[in-house]
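Enquirer: As a plain string of letters, each chain reads:
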Amino acid sequence: MKNDFIWMAGGPQGSGVDSSANIFARACCYGGLHVYGKREYSSNIKGLHSYFHIRVSPSEVGAIVNRVDLLCTFDAESVVRHIWEVSPGGGIICDTGIIETKISSILSLPFAFIEEWNKSLNERGLHPETVGDLLDEVKKNNVRIYPIPYLEMLKEIGKEIGEEQLSKLTRMINVLTLGASFGLANYDKEYVEKAINMIFGKKPKIISMNLLALNKAYDYARKNFADAGINLKTIRTDEQRIFLQGTQAVALGKLAGGCRMQTYYPITPAADESEYIEENQVFEITGSEKTGGILVVQTEDEIAAITMAIGAALTGARSATSTSGPGFSLMAEGLGWAGINEVPVVINYYQRGGPSTGLPTRHGQDDLRFAIHASHGEFPRIIVCSGDIEECFYDAARAFNYAERYQTPVIHLIDKALANSNKSYKMFNPTLVKIERGELLTEADVVGKNYRRFEFTESGISPRLPIGTPGAVFWNTGDEHNELGHITEESMMRTRMHEKRMRKLEIADREIQEKERVNFFGDEDAPMTIVSWGSPKGAILEAMEMLRKDGLRMNFVQVRIPHPLPRKYIERILGNSSKKIAVEGNYSGQLAGIIREETGILMDYFILKWNGRPMSADEVYEALLNIVQNRAQTRQVLNGGS
Amino acid sequence: MKNDFIWMAGGPQGSGVDSSANIFARACCYGGLHVYGKREYSSNIKGLHSYFHIRVSPSEVGAIVNRVDLLCTFDAESVVRHIWEVSPGGGIICDTGIIETKISSILSLPFAFIEEWNKSLNERGLHPETVGDLLDEVKKNNVRIYPIPYLEMLKEIGKEIGEEQLSKLTRMINVLTLGASFGLANYDKEYVEKAINMIFGKKPKIISMNLLALNKAYDYARKNFADAGINLKTIRTDEQRIFLQGTQAVALGKLAGGCRMQTYYPITPAADESEYIEENQVFEITGSEKTGGILVVQTEDEIAAITMAIGAALTGARSATSTSGPGFSLMAEGLGWAGINEVPVVINYYQRGGPSTGLPTRHGQDDLRFAIHASHGEFPRIIVCSGDIEECFYDAARAFNYAERYQTPVIHLIDKALANSNKSYKMFNPTLVKIERGELLTEADVVGKNYRRFEFTESGISPRLPIGTPGAVFWNTGDEHNELGHITEESMMRTRMHEKRMRKLEIADREIQEKERVNFFGDEDAPMTIVSWGSPKGAILEAMEMLRKDGLRMNFVQVRIPHPLPRKYIERILGNSSKKIAVEGNYSGQLAGIIREETGILMDYFILKWNGRPMSADEVYEALLNIVQNRAQTRQVLNGGS
Amino acid sequence: MALKLSDYRTQVFNDWCPGCGNFGILTSLQMALVDLAVKPSRVVIISGIGCHGKTPHFVNAYGVHTLHGRALPFAIGIKLANPELEVIVHGGDGDGLGIGAGHFVNTGRRNLDMTYIIHDNGVYGLTKGQASPTLKLGVKTKAMPKPNINEGINPIALALAAGFTFIARSYCYDVGHLKETIKMAVKHKGMALVIVQQWCPTYNEINTKGWYNGEDRIDPVTGKPIPRLYKLEENGYDGVVRKPEDVLPKTVAALTKAFEWDDKIPIGVFYQNELVSTFQERISQRITTYPGTPPAKEIIADNMGEPVTSIKKMLDELKVTG
Amino acid sequence: MALKLSDYRTQVFNDWCPGCGNFGILTSLQMALVDLAVKPSRVVIISGIGCHGKTPHFVNAYGVHTLHGRALPFAIGIKLANPELEVIVHGGDGDGLGIGAGHFVNTGRRNLDMTYIIHDNGVYGLTKGQASPTLKLGVKTKAMPKPNINEGINPIALALAAGFTFIARSYCYDVGHLKETIKMAVKHKGMALVIVQQWCPTYNEINTKGWYNGEDRIDPVTGKPIPRLYKLEENGYDGVVRKPEDVLPKTVAALTKAFEWDDKIPIGVFYQNELVSTFQERISQRITTYPGTPPAKEIIADNMGEPVTSIKKMLDELKVTG
Ligand SMILES: Cc1ncc(C[n+]2csc(CCOP(=O)(O)OP(=O)(O)O)c2C)c(N)n1
Ligand SMILES: Cc1ncc(C[n+]2csc(CCOP(=O)(O)OP(=O)(O)O)c2C)c(N)n1
Ligand code: SF4
Ligand code: SF4
Ligand SMILES: [Mg+2]
Ligand SMILES: [Mg+2]
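Residue numbers (this note's numbering), protein chains in the order written: chain A, 1 to 642; chain B, 1 to 642; chain C, 1 to 322; chain D, 1 to 322.
Watch out, some of these pointers could steer you wrong.
Chain C side only, calculated, beta carbon under 8 Å to chain B, not exhaustive [what the hints assert, rightly or not]:
(1) C17
(2) H68
(3) I99
(4) Q130
(5) L275
Think of the hints as simulated: they come from the structure by calculation, not from any bench. Remember, it's a predicted structure, so these values are computed and weren't measured experimentally. Ideal placement from N, C-alpha and C gives every residue a C-beta, glycine not left out.
Given these sequences and hints, build the entire structure.
Expert: Structural data, given as structure tokens:
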């Protein structure tokens, strides 16, 4: 594993886990470090447990590892939940007030957790009653405990700022743990203060309160635990870097790509994207004094979201909707209408653990097949799967090009692990975004001609005209239609029109470049090949690096466009491989199924995970090692992450 | 082709095409003949063309052939549309009044038809102006024309019964053509009269009017065309036979299978089933004086239809909903809820040509993949595909057994060709229907125990309790849940609960007998294997018979449960076959794709059709012959049927 | 050059049943377009699925025949992306008030400047005569095996509750009235609803021409039928809100009228309120460039295909080094 | 043995925010069940998705936590299949009146004998505070970047237009009133709606306890806040229909009341009409065995798994020979 440092903050939802983690991450970024952060939260507003896992490293990191070097706990539950994750040599920051807390008194721990917990205690032969007992236990593991008197400190602060309401003060527990963390690491406070200023934005009173808390805890830690020896050194860098989460990258890509209408119905984790776009709905136009705008419409449901987006697309605007599984299920019918009417509409589809409401705030990659087959009947569509946050940006923009070139819906598959993870990146390059609008006509092309929206042409594509263009009219219908767009039931017309539409998938298959469809990593001649898609990318790359250090070579095909599948490419790579390994965040190995359907090639091994948590580099590494060492079953099921 | 007779009635919608065809068919059935009828209609109420293709044979027939021996036309359009289908030696009944009609004056002929029509005329080097010109043309082909003075006859009838309104009289054109048909064949009139009595039910005035018309036309034909020599001889039979369409067979199967709640939102062609059930909603209970009832609820949309059906299923009632593609698209979300809550609900899914509204009244088989993958996330489901009307009956009943045994949604895939075709069958045998309710508990099983709806058990199935059973309670949620049914987000519980659900597919795969999953026809050791599903069955069987007469042997695997696919069976059969041929009513060969995904086996040939018309025996025969004779491309696209 | 009726007609064969009320609606629509003198390429006719749904194919204008129940959200997408277009939506009673009721309710709230015409024939025409949501409890039409088991909903009352700002009823066979009503609806600044009582001679043998004409109730004095329909404005009714205080009383008055049925059925404008801001106006407050360059009119790339949207400000906010 | 409040409680950790109005609704519901003395296994609590959606998990009764917006059709399925059950449905305002509005409207028409309780907090709680369909135009709550761009709909008026036969409003913190209202709703023969004004202290800082109490408007005389809520029945209002002629005036009266907001907000029963037949009664006319053996109670097979449904009559009708 890298020479990195893993920090985690845990506490009840609403207690500021996110903001403390954001401050922590930014402070590290400001200090020239690289950060990867993963957010885990419950489907709840206040009270249930949430945590933020942050990995800090001198070099870029693209995944988590299941280990914590410094655990900041806001409450007793966080200690109980994460205590076994703390690495030997690591530490735990906790409230002195919870040492005596009885574990059985923590009511928010669910039955299912308690069952597992008791099992694990039994296995370890432990019988802790209080949180203190537990902490004592891990001390044996060489874990250091850093108790901080949260309440006393808050009261002190309260006095200093003249705030007596404890409920207002306890909101700063998160900053106390932050202060302590940086104090333990003796980290440059200036960066932390900058981050606090950034996160609390334009609220000076809150900023000063929090700075006070920060300093108190920082000093306390320096004074009481000066020997903690936590290693978090700033690095000088001239590189321009940004730090962002997946939903932001998608939003940026869509804006740059020219999206001008965005519809959505609130749903986790997709809504963040729409809200971020709405906050930035007015923007500058390059090379002009004018501003532009994107319309963001909150609809009454997802049926309205997709149909409204399609309506807008018909007028020539680049238009999209953004959703998650339950919403996409409701979009199936609308999608088919876009298919038969050859409407370029983009759906940014954030997968989460299914089926049904499932794990609404947790990760999953189980919707690939559904994305390909959603809606009755057959029509072409293009599925783009991003593997990391940077790809989210470029793919989100490119999706519109595919949609307009092939006049068909494009589904951009993202997953919760990408949506709600944050990562530091070298500044994105918007000039790499290109806009290709396909065969799009204007008034001049049609005036005086008998425009046929669904003309049979040589290219296989019927040139498109925005609704409202003067000088022509045309019709759309969900029924099979003739070239004008009027309903037809005639046998021959049906055969041809359906074939014309379906052939666009073949055209896309021919035209879209390989480099947009797959990423290849590792040595061409390595004896083993990993195939995956989506967020596992980061964990796989790191696991491969670890294996390489062990002297083991692999290669990795990351499929970015599973439909149409780059069949020949995959046949070629997998044909040379003696061990073919699918890595996917679902039960059935959906991409592997598609590959077999298209190429006949059966994967030899499956590394699968569906517990709602993203894959970590270490568990993928272990699973791969098992395969190398011939001690793996065909299916290995990962279960890491708390 | 069989020693059979093919009759067709064509006319504008609303002019009685259906009833004339039904009378014709029944009259033939009464005379001991076998009948297969296919109904083609437009998405329109009155005026657009529709026709009914009826095949009469001394032995059972399961498909149409694209040929007409006697064409009954109600109007000029019907002549134009079907004239080339009439076989040499066949005949056309038409109105003397249309002989002079200009073809260009038939406004209801759509652009797309006219285009094709002109092309075909050019190819034939013809330039007919009037319908008469056309008829003259086919006379050269040895087609006989039987002109009947519809108007005069109607007026005569009008006089006799004292009805002057022509619009009321023209409703009997259909019966005139019927009378003429039977007159030409010199068929026993008693059977025809019986059929008329049956079809017009309790309306004595209408019956007598129609009998009058029948006799008039019958006598006219006998008098004027005594030499027609049409071969339609009655046969004595003691066999009990029924004559019905697919929607009726499904309805009967569901009733026998114990369905007690049916929800639906009107849609073609599914609505016929619900309406037929509603007409028969009260029925006798075997071995009891009491009657029973099934509740049929017309909902506000398909979302309500599926969720209401699920609600009913939760109470222990066998419950189903019936729909077509657009409706099923709207059911995706509800389906997933049933999946995660392990609710036995049955969806009778009538495929029609897609995508979107597509060809709402026409045939298609393009929803297999969607049925398997509909809804986000993964959950088990069982897909049952009927191949003929009789299978519709038994499968509809059996679907509930699968649903209850594996506590999961079952999708019964039917297609329009089955829904709206009619066939004579040996009386169905309701005693072959068995009811297996799976692990279903009652009050006695749970009282005083701590019932857990989603208990982890050895069998892999959690015993089910109807909501409302005294002595217990439980919870359902679309979220991932613990054994009680309460929301959980715990990693380990999720892994186990999801696995428990998914494993049911494997249990079903192990338990469901092969004979319920595939039908095998032909010789095991034949060198070629056809694989298909759904309505092509009839055409394939007949085509095989024809090939056998040519000395060519094939075998045929009809897949009745494509999911879970009987993988081993298919591997075994296809493993022995040198030419593997998929026959499907869609563009992409969906079953072939599934077979390749599951077995790696690629089909060598594809016979596909998507023009909205069912496959006919002759076109399948030809396509197969092409393959045998090595002049077939990998994909052959059929386009028969007008 | 002035536009003629024929400019709004297509060559498509009209396959509605003889005597269908849709013919009257189609003609009234085309006549209204002539009077409004709006070019075909600036008009979008949108429909759901049902017999009414074929309307756009018969009108020479941009035509969008959408999905069952979804005409409104499609229309909203089109109108929002290009507010210069004259958007006229046709819905069926099943389409608009059954499967589409959710959009109906939530469209009222938005007050877009569009027109929605509901073809109310009491049945599901195209699927062969099942009861529609406007059919009253206990009524049995031809194709129904049993009398209606559901109560009919009141679309006028529903529209008031949902926030439509123009609510009128008209009649398929009073082409003059219907034409004028459509024109008022189109001109209305805000979301306009026109419920058209439409005959379906094929499946609805209750609410027929004769029924609307009152042929079943002959005035003993004159010996003539007493028509069921009457015109609101001829009875001194005025549904127009002119000042904020009018809203409540006019709403209540409209509701009272909305519950009249059977014996006397009012047609005309039940309610109109132009004091409410339109959705487009509300957007313009947020995006000042919206009126001139709505989504459909924005230029997104230069001639070389380089994007012109600057995301620099956003990237700067995300910047952590450099 | 009399049932106690604890008999209706589960062990599930209640994770609503401190001060959430849902606590008041939950307690009122449980108290109503105690008073109604209905056994847990005869009660089904159904909900949609949202904060309100967790309600069934906290009640010891059959609990069905359904899909967003779909609680009503699930409930209808349960109630129709087993009408002996006491079915109580909880909906959110987004859930019930946004995505679920179509079912809301079409449920009114059916008049099933059920209870529907809408938790009206003006926001989408569980997705973090977006505007719900009941939030008024121009209002901006905490999490919204901009003021509400849509007008709020009027659920009471909507319910009247849709045909609900019991329509009441109550308040999450007036546990006594709410409990009694729920009891009346449950006892009502027909489809009952209870709109509960619910605080969401986390996201709705406008319609707070203080706001309902009128803490922003102090009576200059008494120096005390002037509460916004008032009880209909204490003001001589009577919404009960006792004879057919009452329907129209009572409907209009209820509608007039329905449009009161802001300054004075009526709680209590707006409208009740038990003269309308219930859906269950209408079914029983068609299927006489329905009341005794509804779908859930029918026996479909004998002990050997042989079906007992006789389809002989149907097969006979299809018979063509023999
Ligand atoms: C999702 C969906 N469900 C069902 C249908 C079938 N369908 C077609 S038209 C129609 C009803 C039409 O009734 P209405 O809206 O009143 O229109 P009308 O035909 O009376 O004009 C239905 C249910 C469909 N097209 N789509
Ligand atoms: C089909 C679908 N779309 C979106 C969501 C996401 N979602 C969960 S709760 C919710 C809103 C809840 O608001 P409301 O109904 O008012 O309930 P509250 O949380 O305020 O009680 C939404 C949109 C979902 N679960 N399903
Ligand atoms: S079925 Fe009714 S609504 Fe449809 S076209 Fe015929 S008459 Fe008109
Ligand atoms: S977000 Fe609002 S409605 Fe949801 S639990 Fe918190 S206070 Fe209650
Ligand atoms: Mg209608
Ligand atoms: Mg809410």
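Enquirer: Against this structure, judge whether each hint is valid.
Expert: Hint by hint, here is what the structure shows:
1. C17: holds (4 Å)
2. H68: holds (7 Å)
3. I99: This interface hint holds because 4 Å falls under the 8 Å limit.
4. Q130: Where the cut-off is 8 Å and the nearest Cβ of chain B is about 5 Å from Q130/C, the hint holds.
5. L275: violated (33 Å)
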